[in-house]
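Protein chains in written order, with this note's numbering: chain H, 8 to 108; chain W, 129 to 619.
Errors might be hidden in some of the hints.
DMTMM-like mimics (lysine to aspartate or glutamate), calculated; alpha carbons at most 25 Å apart, straight line [to be verified]:
id : chain 1 : residue 1 : chain 2 : residue 2
1  : W       : Lys278    : H       : Asp14
2  : W       : Lys159    : W       : Asp202
3  : W       : Lys424    : H       : Glu44
4  : W       : Lys278    : H       : Glu102
5  : W       : Lys279    : H       : Asp14
6  : W       : Lys279    : H       : Glu102
7  : W       : Lys424    : W       : Glu569
Computed footprint of chain W on chain H; a stretch qualifies when at least three of its residues, placed anywhere within it, have a C-beta under 8 Å from a C-beta of chain W [to be verified]:
id : region
8  : 29-35
9  : 76-83
What the hints contain is simulated information worked out from the structure, not anything from laboratory work.
Built from N, CA and C at the ideal position, the CB exists for glycine as well.
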Amino acid sequence: MNNTLIDFVIVSITLLSIGIYGLAVKRNAIRMLFAIEIIINAANLNLISFARFLPHSSGQTLTLFSIAIAAAEVAVGLALIIVAYRMYKNIDIAEFRSLKG
Amino acid sequence: MIEITSMPIILIIILGTAGVFLPIISIIQKKTISSTLYWIISLTALLFSIFYVVYRLISSDTLSTFSEDVLTIDLLGNLFAISMLLVAILTTVGSLDFIRKKSHSSIYFSLILLSTIGMVLVAYSTDLIMLFVAWELMSIPTYVLAGFLKKNPSSNESALKYFLFGALSSAIIIYGISITYGLTGSTNITEVIRIFSTIDAEMLPLSLLAISMFIAGFGFKMGLVPFHMWLPDTYEGAPPTITALLAAGTKKAGFAAAIRIIIIGTIALNFDWMVALGIIAIMTMTIGNIAAILQKNLTRMLAYSSIGHAGYILIGLSTYPLSNIGLQGSLFHIFNHAIMKCTAFIAITGVLIAIKTTYIEKIKGLGIKMPITALGFTISLLALAGVPPLNGFWSKLMLFGAALDAGSTYSWMYWLAIAGVLNSALSLAYYGWIIRKMYFEGEKITTIKEPRSIIAVMIFSILFIVGIGVYPEPIIQFTDKIIFQLTMFLS
């Protein structure tokens, strides 16, 4: 219980940096999806820790919504990735080149 | 608390019921029913909603501005709701002949309805939680719709790219919301802006970080230039009716959210942000229009032109505190662009159904083959280029005029007007090229049968575009009232 707000924020910023690194470097669709999930979870951690140090808790409400929405988003994303895998036998987005101009 | 009989709730009930029951009907029904039934149900729900919005708009004179609730019913929201419902109606009508031969048409119409609820709620929401939920309700169905042709590799590729960038944009938005919440202790936009206007100097960098995260997150959907790379691929690969929904609907929802948060938030922060938005505006329109010239595919060309139009709309946003006419022109151009782009993409759907391709070389003689589609397409292209007396002319006139007005205060704003006029001239070059291919090339061709649903959309849009072009007064007055409400709120 000795943790201060800044500890949580540092962890959250670290997670954000890991997520952005993953998006910038990796080209595998599932890895990119999980990098995005890490960013969303960094935001959730931020919201919960701010809500703990603030008089009211609407941040925790938003976190619940955000977790549910992230789950819906991942469901749609994985479905799209499965369809892509059936078509190309590969989920490297650098290989998808039917559209360019 | 928001009442159950308030307008956004009624819209959720109407559209949501239709959207949820369409797939259930298709499961209960043992023998396959034609997609026309689903089409009629969703069209009825949409028509009922738009008449309801217009009825409430006309009947009630007391109008609330930004409120303490999660939703408000103000004129800004009404304008966006009407244009998005109009786009959803045109898309639904135009989809009938496109979707007839394909399976799962009930899900297609149901997802369009659900996405429309999201767009309408984005326009009305005044709370960051509500805004985020509505934003996702709008986005997630469109990821599925973009990949609807699941046997088609390019549709799947476009959906995957759209999904990755869309999910990234919502992750950035929620990070921005979390910083805002930490700084202000509230998620209500009115409250946030009130606290932002009296924020400490040492917290100012953090609040600017939050605003720039909002600009990045909403900018992905709006297609502003550093964040535009997914847009041409998605617009080209997705089914063209869905492209109409994306270009005319979700993009405008991004602007609705931007006006509520970014513009008002930056004014409250009292930070010199006009330069940043002005640079983004010039880059967006220049890159969009130059890239459009090089394209060989109609959808891809119009996708780049859609990027260019986001730049024109941004001119008005960047001149807002100096001249009200700028934001008025932006709102008018958002409304016009929704109708024009939707018409153009529905016309492309007709071309795709009839001659199975959208390459510009292949549409020679379209003016004789498909006279009504070609006429609608030509009118919408001329309106996009801003030829008088069509509706695009008036909104561009207001935007560039506002930039010239503002130029007397900050001299760099003249460049916004110069870039805008040069880009309009440039865009007329490639629009004119398409029109020349349709009417002045190709020989010995006979007419082919045009899909009836496309003809209906074309006739409506021609009347609408020319009608607003000849008599733009009502909408200009309507935007004037919106600006009045916003200034009342800010003072």
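Hints versus structure:
1. Lys278(W) / Asp14(H): Roughly 46 Å between the alpha carbons, so the hint for Lys278(W) and Asp14(H) is violated.
2. Lys159(W) / Asp202(W): violated, 46 Å
3. Lys424(W) / Glu44(H): violated, 37 Å
4. Lys278(W) / Glu102(H): holds, 18 Å
5. Lys279(W) / Asp14(H): violated, 49 Å
6. Lys279(W) / Glu102(H): holds, 18 Å
7. Lys424(W) / Glu569(W): Distance ~16 Å between Lys424(W) and Glu569(W) Cα, so the pair holds.
8. 29-35: Since 1 is below three, the answer is violated.
9. 76-83: holds (count 4)
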